[in-house]
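With the sequences and hints as input, model every part of the structure.
Note that our numbering gives residue 455 to position 455 of the sequence shown, counting from 1, and the numbers run on in steps of one.
It should be emphasised that the hints constitute simulated quantities derived from the structure, not laboratory data.
In this text, all values refer to a predicted model and were calculated from it rather than measured experimentally.
Do not rely on the hints blindly, as some may be mistaken.
[What the hints assert, rightly or not] List of simulated lysine-lysine pairs, BS3-like, C-alpha gap at most 27 Å:
1. 51 / 240
2. 478 / 348
3. 374 / 51
4. 447 / 240
5. 143 / 240
6. 51 / 478
7. 478 / 143
8. 374 / 478
9. 348 / 143
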Amino acid sequence: MTDVQQTPRSDQGEDQLDPKRWRALAVCLVAAFMTLLDVSIVNVALPSIQKGLHAGPSAVQWVLSGYAVAFGLLLVPAGRIGDAIGRRTVFMIGVTVFTIASVVCGIAPNSASLAVARLVQGAGAGIIIPQNAGVIQQLFRGKERGQAFGLLGTVIGLSTAIGPLAGGLLIQAFGETNGWRWIFFINLPIGLLVLPFARRLLPGRQKEGKHESLDPVGVALLALSVVLVLLPLVEEREWKGALKWLLIPAGLLVAVGFVLWERRYARSGRMPVVDLSLFTVRSYAMGNAIGSVYFAGFTGIFFVYTLFLQQGRGYTALEAGLASLPFAVGSGVSSGIGGRYVATVGRKLVVAGLVLVVIGLAATDLVIEQVTGKGIGWALALPFLVAGIGGGLVIAPNTSISLSEVPPAVSGAASGVLQTGQRVGTALGIAVVGSVFFSRLAATQGKDWASALEHGLLVSTAFVALALVLGIVDLVAKGAHHGRHEAA
1 MTDVQQTPRS DQGEDQLDPK RWRALAVCLV AAFMTLLDVS IVNVALPSIQ
51 KGLHAGPSAV QWVLSGYAVA FGLLLVPAGR IGDAIGRRTV FMIGVTVFTI
101 ASVVCGIAPN SASLAVARLV QGAGAGIIIP QNAGVIQQLF RGKERGQAFG
151 LLGTVIGLST AIGPLAGGLL IQAFGETNGW RWIFFINLPI GLLVLPFARR
201 LLPGRQKEGK HESLDPVGVA LLALSVVLVL LPLVEEREWK GALKWLLIPA
251 GLLVAVGFVL WERRYARSGR MPVVDLSLFT VRSYAMGNAI GSVYFAGFTG
301 IFFVYTLFLQ QGRGYTALEA GLASLPFAVG SGVSSGIGGR YVATVGRKLV
351 VAGLVLVVIG LAATDLVIEQ VTGKGIGWAL ALPFLVAGIG GGLVIAPNTS
401 ISLSEVPPAV SGAASGVLQT GQRVGTALGI AVVGSVFFSR LAATQGKDWA
451 SALEHGLLVS TAFVALALVL GIVDLVAKGA HHGRHEAA
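The structure is reproduced here in structure tokens:
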């Protein structure tokens, strides 16, 4: 594979590094934690939401689905806009939208208004997230860039794993009926804190950048393809019948149209919403594939595990959250290590992490067969700790490697594509793992929750194992490429 055409960089030399870069990164990390926390924090709150709003399961489904769809929909367009007009402006718009929508979620009088507010909240998150990687690409270089991505990976891992615990704590503190409202209200002070610091510390538009068309046709085609692929996945349990799956091939056809349009748009001398030449860079293409498949396994775990603990073992929301803590601790510790060493170890670090995740999940399946009752949370602490350590060595290093050869001028859109793949992987994982979990539960007349969890975890493990295979393939291909280069 070839390198993408390089554009002028703003980080060529230590004397040009922004002295505020680490404080700017802190602002980005706080916002990233806030938005990614809301992906998983709602899981333990669904019973509380149903009780507080007197809503059925189907009515609150879009509280989860709406956020995921809007999040995935905005990632690439927002990244491209940030590249074009400046990341600070777009970041602040995203934080404002997210914060206001969070308040509206908290005061929602019924499930319909909550679902709409969650759509808007997801859009705000989709605007924020690609700016974070863009800021890192713009402000950092060399080993510091790896460290910055390591911190971002720590936040991604911790926010996903801590979400159930944070939700459980808030519901425990404010009551089962209305405690769920505080999982949204908590975002208000965070958003108000982030905005003034973002205005002061984040970089504006790069001086060498020139005004580019935002490719509205490309944005529309990409948005339509993402929606068509995501909808049947996030609504898998609610939309009955097989016709819903026709949306996925329809989405893929639209994606083909998007690729054809982008090539034509680029040939006209204008900047497309996605620089397709990025996919000729092996580190970026393989990083996208590994990340998407890994997230399919990674996020599916917590979806079924939380259901198992609360409904199958009688855990409270707080107890279910605490049971997920070992994964968060392991991920938090190893993410910083991964970011520190990714520049020297490279893809081998990701492969090592994937091996640990597979081992941890396999051990989890074995423990579930042996332990019954409420002691299962303690019994699974060590396997989840091992899986968490592995996960921390996957997310941050993979992101850093994927974007290592991406020019800063297009890093926002490139990050948006990377994150979109992760959102699609998340939706796919929850749909497939959840389907296997509920099918097994139904086959046992709702009695054997342990067997249902075992089957769900086997699917999650299979996704992670596939990501491991992709990582090994990349290592082998890279070794063969270097061998040919040295022979020449």
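Structure-based check of all given hints:
1. 51 / 240: holds, 25 Å
2. 478 / 348: holds, 11 Å
3. 374 / 51: holds, 24 Å
4. 447 / 240: Status holds; Cα separation ~24 Å.
5. 143 / 240: The hint is violated at about 50 Å.
6. 51 / 478: violated, 54 Å
7. 478 / 143: Given pair residue 478, residue 143 holds - Cα atoms ~21 Å apart, limit 27 Å.
8. 374 / 478: violated, 47 Å
9. 348 / 143: OK: residue 348 and residue 143 at ~17 Å, within 27 Å.
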